[in-house]
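Enquirer: Sequence:
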Amino acid sequence: MDSADAQLNPPSPSLGPAPIPLNTPACQATDLKGAVILKSIDTGHLFVTFGFAGVGECYLDGTPSVGLLDSSGQPISIRQRTVFYPPAQPGRTLVEAGPLPTFNTALQHGEAGVKIDWSTLPVSCPDAKPVVPVSIPAGGVMSMPIPPGPGAYLCEGLGVGAFEGPYVPVQPSPPPPLPAISMSVPSTGRVGVALPYLVTLTNDHPQPLDLIALCPTYEEELFADIAKGSPPLGGKHIYALNCGPVGSIPAGASVTFQMVFLVPADAAPGTYTLVFMLGYWNAMSSNSQATVTLN
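All residue numbers for the sequence shown refer to the working numbering, where the first residue is 84 and numbers rise by one.
Think of the hints as simulated: they come from the structure by calculation, not from any bench.
Treat the hints with care, since some could be wrong.
Claimed, not checked - Derived DEER-like restraints, expressed as beta-carbon distance ranges:
id	residue 1	residue 2	range
1	P158	G127	21 to 27 Å
2	I295	S218	22 to 28 Å
3	S218	S123	36 to 42 Å
4	A171	P258	27 to 33 Å
5	Y322	P170	40 to 46 Å
6	T339	Y250	23 to 29 Å
7	S160	G127	20 to 26 Å
8	S368	P333	20 to 26 Å
9	D125	S256	36 to 42 Å
10	D293	P104	35 to 41 Å
11	G240	I295	44 to 50 Å
12	S97	P352	23 to 29 Å
13	D293	D125	21 to 27 Å
We treat Cβ as the ideally placed atom computed from N, Cα and C, and that holds for glycine.
Construct all of the structure, not just a fragment, from the sequences and the given hints.
Expert: Below, the structure written as structure tokens:
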């Protein structure tokens, strides 16, 4: 199989939602405590953000049902609509045990939030001073008061966003273990002529090796005297394996690649060591070598 130039930049830590541990349950209302953490007025709307912390570990996902009660505790009839400003980071959000979220403080790791809004424009609708019951998708209802502010003009509806959480640095997963390497190299070759050889990769680990998800890179070098640390001939040779046709290597299975080393035209005749190294990106951590005589 042929090879192509590699992308040699390893993934950097990026921002993303906090990983949800395996078997984490969906949050029930009894798993949560919440409070208003942000209130603002913009474009004729009042925006209120609720923050949630847990009494244990669970996750929130989706859009809750939200209702309004007036100051006497009576339900206010208002239709639910999409929030005016869509959530920036919606999705399954980890909630962990912690203190009640505080006002004017950004969501912390282990907290989730949801935003609502209503119109404050003086159209022909009665206003109110609501208390908000929030129905959690996994089950149960929470009730939280809203600080004093402009009331809702009901004919504009109640905007409700999806649960979202803070983005945190997410480290890339460690690369899988590399397969074992064996080589079949002709005993002789010619200066300035391509040297064909075979490399067999054997997955000697219990799990399949998915070469599509992460394709290793390889380096091939020719040394005149590797024991004495002579420099390699022909400069740098780092490439990506032709992983596409292979797909994955099952546990215990092998796959063989046809390789070609371009022997430099200025190499002196003599005995050399051909080294094939395998790694991820430009970190070569496994190798095999063979001796070849150039004429």
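Enquirer: Provide an ascending list of the numbers of those earlier hints which the structure does not satisfy.
Expert: 2, 3, 6, 10, 12 and 13
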